[in-house]
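All chains, please: the whole structure from these sequences, using the hints.
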Amino acid sequence: MTDSAGRPRRLRPGRAPADLGLALGLVAAALAWPGHGSTVSVWVAVGASAVLPAVVSAGRRRPLSALLAAAALGLLTSWDPLRPVGPFLPALALMGYLAGRRTERARPALVVFAAVGAAVTVVALAAALGSWAWGAAGPSRAASEAVLVWGGKTGALVFAGVLPWLVGRYRRQHVELVAAGWERAALLERGRLADAERERLLERARIAEEMHDTLGHELTLIAVRAGALEIAPGFDERRCREAAGELRADATRATERLQEIIGVLHEGSPAAPGDRAGGADAAALVERARASGMAVESRTSGDPAAVPPEVARAAHRVVREALTNAGRHAPGAAVTVETVHTGGATTVTVTNGPPTEPPAPDGRLSGNRGLAGLRERVRPIGGTLSAAPHEGGFRVRARLPHPDRGATVPEPGAGPGASEVADAMARTRRRTLRGLAAAVLVPLALGLAVAAALFGYVAHTTAHSVLAPDDYAALRVGQSRAEVGAVLPAMEMVDPPVDRAPPAPSGATCYFYRSNATLFDPVDLARYRLCFAGDRLVDKDVV
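Start counting the sequence shown at 12; every next residue gets the next number (the working numbering).
It should be emphasised that the hints constitute simulated quantities derived from the structure, not laboratory data.
Among the hints, erroneous ones may be present.
Derived Cβ-Cβ restraints for the label pairs, each shown as a range [unchecked claim]:
{"id": "1", "residue 1": "THR266", "residue 2": "ALA190", "range": "54 to 62 Å"}
{"id": "2", "residue 1": "ALA317", "residue 2": "PRO400", "range": "31 to 39 Å"}
{"id": "3", "residue 1": "PRO315", "residue 2": "GLU402", "range": "23 to 31 Å"}
{"id": "4", "residue 1": "ASP482", "residue 2": "PRO516", "range": "19 to 27 Å"}
Where is the CB? At the ideal position from N, CA and C, for every residue including glycine.
Structure (structure tokens):
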């Protein structure tokens with residue numbers, strides 16, 4: 012036996028003793044099996060037991076071959092109609108269970124069971140024909156023996172072969188489902204950890220970008236203030252000192268923002284100070300920009316108190332980014348910030364005129380992601396952003412809808428992922444229940460069908476194998492077969508008491524009949540035996 016790479020596969024150290032123990036147990040069960048009625052049957056059991064270790068050992072490599080061998084031993088070593096099951100029935104049950112545990116596909120095992128059932132049918136018919144041809148039994152008795160043997164062995168095949176196989180198969184599916192469940196749980200756990208890490212990285216990037224925008228805004232205000240100082244006429248020493256102090260304060264704030272960005276990028280802290288700036292009032296941004304020398308006009312309509320916090324933060328970011336861009340790309344331009352609050356949305360419009368001074372030489376401070384990043388930030392709350400040139404300047408407009416506070420919030424764990432897991436659990440439960448039902452109902456149905464067929468045949472034979480006591484008393488030794496046949500029933504009895512009958516006359520063929528049609532007859536019920544030699548009745552006995 013080789014593995015998937017073609018290397019010889021060795022048995023595990025504990026398997027050989029286990030196989031030997033199973034084989035010895037099956038041998039002991041076979042030798043202790045009741046019903047060894049002759050020396051021949053004992054020697055058959057002893058000889059067949061010698062192959063049980065090989066059958067058990069082969070069960071690991073070729074479980075279906077071992078099942079076939081055990082079925083042959085269990086069903087083809089006894090042909091007594093009253094004892095149709097041989098001493099190797101435990102071996103059949105064990106190999107059936109192991110075949111169910113060790114094979115993945117069901118069809119090969121079903122083929123084995125069908126082949127064994129067909130073999131039992133053929134051999135039972137052949138034995139009946141041989142018994143009748145050799146004169147050991149009449150046609151009626153031979154047919155009854157064939158039916159009893161076939162029914163007994165078929166029932167044994169169902170309950171000692173098919174049922175253990177289904178139990179083993181159900182056990183295999185159960186083990187596989189448990190393993191798959193743990194594997195799925197581990198996969199979900201890894202996915203959860205990966206999602207948490209991804210969310211952490213996304214949050215870290217969001218905070219860093221938020222702080223980057225804040226830093227850019229601070230630097231832009233510094234540039235605006237410095238530009239205003241550069242062109243302002245008639246500054247005295249006191250005014251210069253005040254302006255220098257304001258520039259130093261702005262530079263200090265920008266330095267703090269830079270340190271915060273470095274800390275976030277190094278530590279990934281979810282509670283970054285940049286969020287504090289993100290939650291500030293947009294009106295404060297306008298006032299700071301105006302104090303820095305930017306010509307800003309602000310107009311607000313509606314009730315700001317009714318604006319949800321997430322919408323207020325998004326509006327703050329739009330105003331901050333638009334003011335930063337105006338100060339960087341349109342120095343000296345007049346800027347208008349218009350905020351309109353309605354019942355269902357907040358609209359922010361920032362418009363700047365044409366620049367009155369040369370713009371900055373490049374846009375490296377913005378990282379070239381200002382407007383694109385702004386679109387990404389308004390999208391999660393359902394907002395839209397438009398940015399385009401307007402009358403020689405530029406206009407940025409964002410519409411931010413207010414969320415519906417009456418909307419139902421999904422329960423934790425709800426969503427497509429949870430639905431997929433629930434569907435998988437339901438499918439697994441249905442599959443397990445189907446396997447359990449098959450393991451119980453299929454053998455039960457087959458067994459009941461065989462039992463019903465046997466019971467019907469026995470009842471029919473019992474009703475048609477009755478020789479009335481008066482007719483029996485009227486029979487005389489020496490009568491011809493034709494004279495005796497006029498009062499004989501159509502069939503012989505199913506279970507003749509051959510072991511209790513006296514020895515038959517030499518060269519005679521004997522037939523057994525019942526004295527009444529009671530199906531469950533008492534032990535002392537009279538049975539009649541009639542023996543014929545040639546065409547004459549040579550003996551009659553009450554057994």
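Here is how each hint holds up against the structure:
1. THR266 with ALA190: 54 to 62 Å: 58 Å, holds
2. ALA317 with PRO400: 31 to 39 Å: At 33 Å between Cβs, range holds.
3. PRO315 with GLU402: 23 to 31 Å: The hint (23 to 31 Å, Cβ to Cβ) holds, given that PRO315 and GLU402 are roughly 28 Å apart.
4. ASP482 with PRO516: 19 to 27 Å: Holds: the Cβ-Cβ distance is about 22 Å, inside 19 to 27 Å.
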